[in-house]
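> Note that the protein sequences, when read in sequence, are chains A and B. Everything in the first sequence is counted per this note's numbering, starting at 145 for the first residue and increasing by one. Everything in the second sequence is counted per this note's numbering, starting at 109 for the first residue and increasing by one.
Simulated from the structure, these hints should not be mistaken for laboratory data. All C-beta atoms in this analysis are idealised placements derived from N, C-alpha and C, irrespective of residue type, glycine included. Incorrect hints may have been included.
To be verified - Footprint (simulated), chain A over chain B, 3 or more residues, beta carbon under 8 Å:
id, stretch
1, 138–147
2, 154–160
3, 184–198
4, 210–224
Stated by the list, open to error - Some, not all, of what chain A presents toward chain B, calculated at C-beta under 7 Å:
id, residue
5, P193
6, I200
7, H201
8, P323
9, V324
Unchecked claim - Partner residues are not named here, just some residues of chain B that face chain A (Cβ under 10 Å, in silico):
id, residue
10, V165
11, R166
12, C172
13, V227
14, K234
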Amino acid sequence: MVRSKFFVSLISSLGIIALSVAWMPVPDAAAADPNTFNRLMKPPSKRNPPPTQDGIHDPGSIGTQGLQTPREAFKPLPPAQSGNYVDWVKAFDAKKIQPRFDSKDPKAKPVIMDLTIVRQVKGSMPDVIFPHKQHTEWLDCSNCHPVPFVPQKGANQMSMASIMLGESCGVCHGKVAFPVADCRRCHTETKGKATKTSAKAAAKPAKSKKK
Amino acid sequence: MALTLCKRITVLVLTIVCLVLLTHNASHAEYGDVVMNKYSDDSGIRPVVFPHWFHRVRFRCKVCHADLGFKFKAGGNDINMLKIIDGEYCGACHNGDIAWSVENCDLCHSGKPKTPTQVHESTLQKLIRPAGAPK
Chain A
145 MVRSKFFVSL ISSLGIIALS VAWMPVPDAA AADPNTFNRL MKPPSKRNPP
195 PTQDGIHDPG SIGTQGLQTP REAFKPLPPA QSGNYVDWVK AFDAKKIQPR
245 FDSKDPKAKP VIMDLTIVRQ VKGSMPDVIF PHKQHTEWLD CSNCHPVPFV
295 PQKGANQMSM ASIMLGESCG VCHGKVAFPV ADCRRCHTET KGKATKTSAK
345 AAAKPAKSKK K
Chain B
109 MALTLCKRIT VLVLTIVCLV LLTHNASHAE YGDVVMNKYS DDSGIRPVVF
159 PHWFHRVRFR CKVCHADLGF KFKAGGNDIN MLKIIDGEYC GACHNGDIAW
209 SVENCDLCHS GKPKTPTQVH ESTLQKLIRP AGAPK
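Bound conformation, chain B alone (with noise of 0.2 Å):
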């Protein structure tokens, strides 16, 4: 009787770890928010995430999507650490005077692993896999 009462309790405690590990993995990411993963997986380290909330609170979308050359597309600006350093894209304020410089690789470097390149909660995302869809 004990015994079955342990099995029982076991498997529902499996059930309920795997229940919180699928719902933890479920993107809820900011809206705008967007991954960048074009050489970060094959390069070793975390994709980039991009906030656009936080740069919007202190730039205008004229200062990178023109000043800067950012295309108003996920993965469709060719950027890498030694355009970055030369000043270049990000390079332009994160270089230790506007923002802070690049040997801050972390704050950056922060996404998932394997997460793919994409503008998170978009409308076209949300077209695509419908909320509560799993992702």
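Next up, chain A with everything else stripped away, as it sits in the complex (with noise of 0.2 Å):
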């Protein structure tokens, strides 16, 4: 009796494991083992997961269901290693993606702000390059000046700490645009090569060109 009964809660048990198993197909590595590798870190297999996974949909939902993946979305973009983990940039000039400029005209085209902006920063890290060339495809003008950047050479303080609070670059990179943990994507200039840069960059203002 006391034995059939124990294997009766075995046999249920074990469908539960199973059930628990399959319905979590990535178990959380962290709450099995204190000691796992990258304890605080997203594991590759997290990435990008189904809208059924990420924690904010509700599984629930027929609508949840029937949303794209953005795996599925993905995979034929060029990938990168933070935020979305795809290069929107080099997705865009490749053409892999040909997001509207206007919502109801396909063909409307931006007019391309060709500007770089040398930043001088402090301490060691290399200079800021500013290229306006990519930030107008995206963007209106209206969109960063006046607020939060005053078009105007040397009117914008900035830290980095204010930009990963969520301001001046802040209201983007860190949210949407790749964030400020990819360093080198901004801070790509050797020092000292700033003001021959700044100098070519203020002998030809702002070129504008119908693309």
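Hey, can you piece these two chains together into the complex? The hints should help.
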């Protein structure tokens, strides 16, 4: 009697364990082993999860089940190390994506401003090169000027701390555009070269061309 | 002896189920996903999840953030269904012409109830709640 009870509970326990494992395809290593590698990092297997497993969609909703999965959409796009793990600028330049510039007119083209700004930075980090070109491909002038950036040389004070808190570049970078941990995508210019480049940039101001 | 084993197994199973439930609730949302819950919970419908990634494949930032007037701030836009059906905000495209229309409630209102308004996976969110911290 006792033994049969034991077997019943054993079998049901095994059943529950099997169900749990099936429901949760990627077990949380951090929860199982406190001394696992990269305890605080998101493992690659958990990047770009389908909406049903991302923790913010309701998996019980019919709508959630009808949504596209990021992995499916990102498959043909060039990879990156952070954010969506997609290099959006490369994808755009290679015409892997062709986002509309106007909601109704698929042929509308932006006026591109090809002007780079060099920002000399404190400390040992390389100076920042800000390319207007890539930004005017995606955005309108009014998105950045006069708020959060006054269109005047030396008028905009910023720090990495304020950027990480969502100010200036942090309005987009760290939320939708590539995150601030991708230091070298902005800090590209070796110190000392800066004066030369800014002089060059100043020599050909606001060169805009129709694309 | 057998009963003790039963108890042990029961405890083990409960622990595993709890762990699975806990870890399953952890958020691993896609970078840039915005949950909008200004009015949804109070209105008895699931909050909205806005996937930036899906939209930036199809539209440049400027379309929504300059032409349609979406501010760069989660919760900074006073959006409601009346404005949408009158063609403002989401309704500028979700009108059955450019994108599917408002009768597909569940496609937008697909968030977990009680999820607060925020940009998911943002640097700010990570700073306040580092990865691995209970969310």
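> All hints are to be evaluated individually against the structure, with a verdict given for each.
A quick look at each hint next to the structure:
no.	hint	result
1	138–147	holds (count 5)
2	154–160	holds (count 4)
3	184–198	violated (count 0)
4	210–224	holds (count 11)
5	P193	5 Å, holds
6	I200	5 Å, holds
7	H201	5 Å, holds
8	P323	6 Å, holds
9	V324	6 Å, holds
10	V165	5 Å, holds
11	R166	6 Å, holds
12	C172	8 Å, holds
13	V227	5 Å, holds
14	K234	9 Å, holds
Going through the hint list in order, the structure does not satisfy hint 3, though it satisfies all others.
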